[in-house]
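Chemist: If you want the building blocks of each chain, they are given just below.
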Amino acid sequence: MTARPLLRRPLLAGALALAVAGGALGVTLALDGSAEAGPATLAVTVDKHACGAPPARLPAGPVDFEVRDGAATFVSVYVTDPTGARAYAEIRWLGPNHALPLSASLAAGRYALRCVFSDGPVLTSSTVVVSGSATDTETGYPPMASQELEQPVTAYRAYVAAALPHLLDAARTLDTDVARGNLGAARTDWLPAHLAYERLGAAYNSFGDFDGDIDGRPDGLPGGADDPGWTGFLAIEHALWHGAPADKVRPLTRKLVTDVNGLIADFPSEDIDSEDLPLRAHEILENALQFQLTGQEDQGSGTTLATLDANAQGTVEVVSLLAPLVRDRDPGLVETLDQGLATLRGQLAAAHGSAADWPAASSLDRTTRERLDGVLGALLEQLAALPNLLSPRNGA
Amino acid sequence: MSDPQLSLGRRGFLQRATAGMVGAAALGATAADSARAASSSASVSSSGSGRVIPFEGPHQSGILTPPQAAASFVSFDVIAPDRAALRELFAVLTDRVRLLTAGGSVAATDLASAPADSGTLGPVLPADGLTVTVGVGASLFDEQRYGLASRRPAKLTAMPVFPDDDMAHSTELHGDLSLQLCADSRDTVAHALRDIAKHTRGAIQARWKIDGTHSAPRPSGTPRNHLGFKDGIANPDTTSGAVTDALVWTHGGRDGEPAWTEGGSYQVIRIIRMLVEFWDRVSLDEQERMIGRRRDSGAPLDGSAETDIPGYKADPAGLFTPMDAHIRLANPRTPATASQQILRRGYNYERGLDTDGNLDLGLVFCCYQQDVSRQFAAVQSRLAGEPLVDYVSPTGGGYFFALPGVRNPHDTFASGLLAE
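Chains as they are written, first to last, in the working numbering: chain Y, 1 to 396; chain G, 1 to 420.
Since the hints were made in silico from the structure, they are not lab data.
Keep in mind the model is a prediction, meaning the values are calculated, not measured.
Check before you lean on any hint, since a few could be wrong.
[Unchecked claim] For the chain G half of the interface with chain Y, some residues (derived, Cβ under 10 Å), not all of them:
1. Ala114
2. Gly119
3. Gln205
4. Arg207
5. Ala314
[What the hints assert, rightly or not] Which chain Y residues face chain G? A few, computed with CB under 10 Å, are given here:
6. Leu168
7. Leu221
8. Pro222
9. Gly377
10. Glu381
C-beta atoms are modelled at their ideal positions from N, C-alpha and C, and glycine is treated no differently.
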């Protein structure tokens, strides 16, 4: 199992040797006068004829290029191995006549600069042979093409599509309770319906306007919790747990059923940006830390820990869909994430215990809260790798 | 600990522990890098202070170190699942503190990672006089925790309740671990804490935190607290090894102390709110008689300069300095109380308002000593009921034991405590 570095240490010095090597090879040295700037930079200009002219040999350790785009189009620039099987550093987006730094710390081996121009051409520089040894060098990652996300996104769509009918059923049950004036039953049936939605892995309005209608918070509304435009699960929760009569709740539950139907009708044609999926794997639980574990989203039912658990389930699903892509790039990360998610869900189950109802987040004792905060925080530090690791680097 | 989910968590942390050991193998190189960073930082002072306070030594820095301008005191609970994870925690803490206090270039960010550093201090970290002093609380030694009960420093207990305390509902009490972070500027303190928290996520969880400021001398001499009085005038002479050996440092094997405590020190942190609105409605004469010093000069009431030593022997009835004046009770300057002196290292704090709209100003009282029972607790008992108690309100804090120093590039915090 690959040891995941818990610590990252500053990369220091080594710059002088680099400057000498660069100078001997006729590369322009952009010596930054201040001592604070650290290593001298190697200035390279890329264009449609050549992806720069890096030095043929470099010593192992930190290397800092300053890359200028001499072409008329935008370009992504990578430090890769000569075949492009691994990428070590990148400039995501460099504009014509602009320059940006490109820094890496390289172990002995063969490398190249690779230019992916926005209008199509992909160029690779001559090979740079790095020799010697240095600490804290980067292992690089196999770059991922955006097409590789298509299968997980298709699978995610299927997961959501399969789950939506259950959401609709649960919303209808809730609406029927309210229509019958049975608010006790409604309070019981509200939670499974809400969790059916939270398990989908929605984060940051990922279902467009529907998310705001179905699960919006009152905070951004001019009238707050009294705002007539507030609808969805949280508005229903607020009404059900604040003594609203059935005839005030019914319009909300009826609209919920309408909105879920709308989502179901819209979903097949809704575009899911493939880059959104790795982002979601990280951010579902960032949202849950902010709103659920704090209890901030509680509108009276005291079930935000159940919501957190549902969000964890949604994350489990998204991570499992991405797992093959992650394994190719960072062996061991999937297991670490699986363990973290299992630990989180296990601690939530322990906090729930055998009680019928979830404890309110505000009622957690200090020890339980600290352990939940700690396990979720540590998990988020690991999940944070996914969006960058699985960022499309077509042509790199 | 038989919960299957806990054992999953345990494996997770052990995996991280493995990564830590890989790190430890490369420690020699790290130390060399740090030394280089230290020397380069010393010459780089154009932005921020390049002042490097040495990290290694028999004692931690931040104790005898003259107070820097800014401080945070943070208490944590340790949630690491077992002793191996606890060891890893102290290894990580050692690594981070070593790097942060040395300053230097920030690591290049890995292609697949969020930035290696928050960037709040720019791309090159200034050492900026940073010290991070690590303490452990009595609860870390509890049975059923990490099997350390037999290694508890002899005098380390949870901070007891003192008669004038207002701590019944405090959320700022005790903790398994304390960090005292001090630097020449506020942003360096905040950066260091953020870095340490990120790298120890899942192993410790912050419990309470209070920030302090070391005021400039006004106009000279010892800085003033929020009561307007110079505070910390009568500290022991920290330049004398004989004095600090007798008053500040614990000695393994003496007074029942376990061997590993050699070079450590008991740390007391007390959040003492000062009721400044009330205080400002009290006559200067009464204020000075409560404190036992002149407000403007800091001089004792029978002297003329802050450095003058009050002559209590010549004032047995308290005609100059009332018998219940704060400084007289705290340090009666008798042979019997000489061994009770503490090394104060407090900071003024300022944070928000109370429900009445009054200012929440006060002192983060911090002191170090060889024996918390013989020193702080004895002084505090003598101060019980002093006139000043009406104007101050101790609302939180804790007792900790500042670990011995990290002695060499291969040493870590708590290496003696956790030795097999």
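Chemist: Please go over all the hints and tell whether each is borne out by the structure.
Modeler: Right, here's what the structure says about each hint:
no. : hint   : result
1   : Ala114 : 5 Å, holds
2   : Gly119 : 13 Å, violated
3   : Gln205 : 4 Å, holds
4   : Arg207 : 8 Å, holds
5   : Ala314 : 53 Å, violated
6   : Leu168 : 33 Å, violated
7   : Leu221 : 28 Å, violated
8   : Pro222 : 28 Å, violated
9   : Gly377 : 4 Å, holds
10  : Glu381 : 5 Å, holds
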